[in-house]
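Visitor: Now for the letters of each chain:
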Amino acid sequence: MSTQVSLEERFQARIDAEQKIEPKDWMPEAYRKTLIRQISQHAHSEVVGMLPEGNWITRAPSLRRKVALLAKIQDEAGHGLYLYSAAETLGISREELYNELLSGKAKYSSIFNYPTLTWADMGAVGWLVDGAAIMNQVALCKCSYGPYARAMVRVCKEESFHQRQGFELLLTLSKGTPEQRAMAQDAINRWWWPSMMMFGPNDSDSPHSAQSMRWKIKRYSNDTLRQKFVDMIAEQIKVLNMTLPDPDLRWNEERGHYDFGAIDWTEFNEVLKGNGPCNRERLAARRKAWEEGAWVREAAMAHAAKRQQSV
Amino acid sequence: MANHSEFPLWEVFIRSHGGLNHKHVGSLHAADAQMALEHARDVYTRRMEGVSIWVVPSTAITASDPADTDPFFEPARDKIYRHPTFYDIPEGLKHM
Amino acid sequence: MRDFLLLLADNTQILGHRLGEWCGHGPELEIDMAMTNLALDLIGQSRNYYQYAAELEGAGRTEDDLAYLRDAREFRNCLLVEQPNGDFAHTVARNFLFDSWHYFFLQALCQSNDERLAAIAGKSLKEVTYHLRWSSEWVIRLGDGTEESHSRIQDAFDNLWTFRGELLTPAPFETEAASAGYGVDLHAIRPLVEDRLSDILAQATLQRPEDGWMQSGGKTGRHSEHLGYILAEMQYVQRAYPNSVW
Ligand SMILES: [Fe+2]
Ligand SMILES: [Fe+2]
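Residue numbers (the working numbering), protein chains in the order written: chain Y, 1 to 311; chain P, 1 to 96; chain C, 1 to 246.
These are calculated hints, taken from the structure and not from any lab test.
Mixed in with the good hints there might be a few duds.
[To be verified] Taking lysine-lysine and the PhoX-like style, the derived pairs with C-alpha atoms no more than 20 Å apart in a straight line are:
#	chain 1	residue 1	chain 2	residue 2
1	Y	Lys107	Y	Lys306
2	Y	Lys142	Y	Lys157
3	Y	Lys157	P	Lys23
4	Y	Lys20	P	Lys23
5	Y	Lys216	Y	Lys33
6	Y	Lys175	Y	Lys238
Throw the hints in and build the complete structure from the sequences for me.
Guide: Structure follows, in structure tokens:
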């Protein structure tokens, strides 16, 4: 018991000293479990997140947009891959993680349960959804678990074009025909609140936060990051000459931040429970890809075994 | 779900254009070495990150034990005479 | 020259489009990413050809006008590339049939007396060398994998074989291109393509299907029903909101 305590103390001391924890280092079981949950949720989000944007690949209205969108979605596959790899260093296999996703046990970011209805959604998703994701990810580059932090550094490098391509897309629409402008505004209206919810519940309702902050697998609180996001977007939207669907949004001189309206968490909770517009479709698509890929993976393994034998 | 179809894990090392050492960049899954090389190319060199790839089965890596940190790495700490700054040379001396 | 450029552009555009359909749905993340790389290469190649074709026209049209504002009858691509993805085996077989032709075609096109075309071919050849390697290896893996994968890939070749003849049968504008020196003599590359096909199929323990009746028509705009649906999706935004910048 006393050695356990001292192990935990030493572990916390290392974290307090900003040292990285590496896979073979001793770590509390709860730290390992929390990390697996957080990293795999993050990985699932990247992979499921390919679907709403993938929905528009074949309809991208110019060749330049088409390659940008493809490259962007491919990056998300890479992010999923880096993150699954980081989780695997904690002693769980990718297949086990997939199974948790496909059985509905594991969560992923609820934002991807909303449909992409028009081309402008590709802009709004890149600008708002990737924008919100980047806020989180930049913070995680300094997280205490080495493999997770390194994956995040790589992810952030690649993310840098995602938000820009989304914004540029909207900017083009904003300078276009009245129909294009309306399309852009409509997309912003639909994606704004779900993006705000990506930062998770308010700090007062966030049960895991305190421990995660102590372990430095979360470096800023949900509300801090959300505020940063609002401050960034509220300025950028001026360039688009469009509006955010929040009548309470205004600059607060005293706070040095934008004030914004209360978030309606009822819808968020319903989507989280599985009642979003696309929850079923998204999981079904991932399940289909995985199940239909089974014979391919088996064949590759069988062939590899044959090759090995013949050497 | 069948476990036998899961591709094993590989570690990927890449040497960048600058010609420095191969550096560990991440891991991936592949059925065999050939596929691992190609997956490494498709996953880890999309932004011109490198000119040479090594892939190694993750199971083939032997890592030092964190418990050995002190005996392994501490003894080098006080051998400051291995570094050039240990030696005093006259101010005016060039190219040394 | 215009038809010849459009043949190259449409082939790569439509096949790239088909591969793009896989994005997010591949058998494993790494394979998903590999297929997107193929798609990006091919669409990139098609843009080079479209841009060249648009410049030659000199009518102020762009690559997008050519890709998005022509109808099916004006598309010059081979029937093979517009065939649906089917299962992974069909995609692999389709790509291999295309790549094993494309590779030798581009090799020859590097000798084109049109400098710009030769340069595009040179750049594309590097990419396609990898494509051919990718599809060849998957043909071998699936052919010499499990019983199921063997029968799936054999099936795919049996189904797609009828579309391969068109690749090696010149349309009138190709014959013209070859004799003018900027195109490729398809008869000359045929033995190379045939050898590569036989070699890989043998390594994959697959039956080479009989060379029976071969479909044709794509190059002169008589397509399968599939192309119309591809274009319906691809061109929808441009058609629904004409004269807009995207
Ligand atoms: Fe991402
Ligand atoms: Fe992203």
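Visitor: Please flag the earlier hints that this structure goes against, numbers listed from lowest up.
Guide: Hint 1 contradicted; others consistent.
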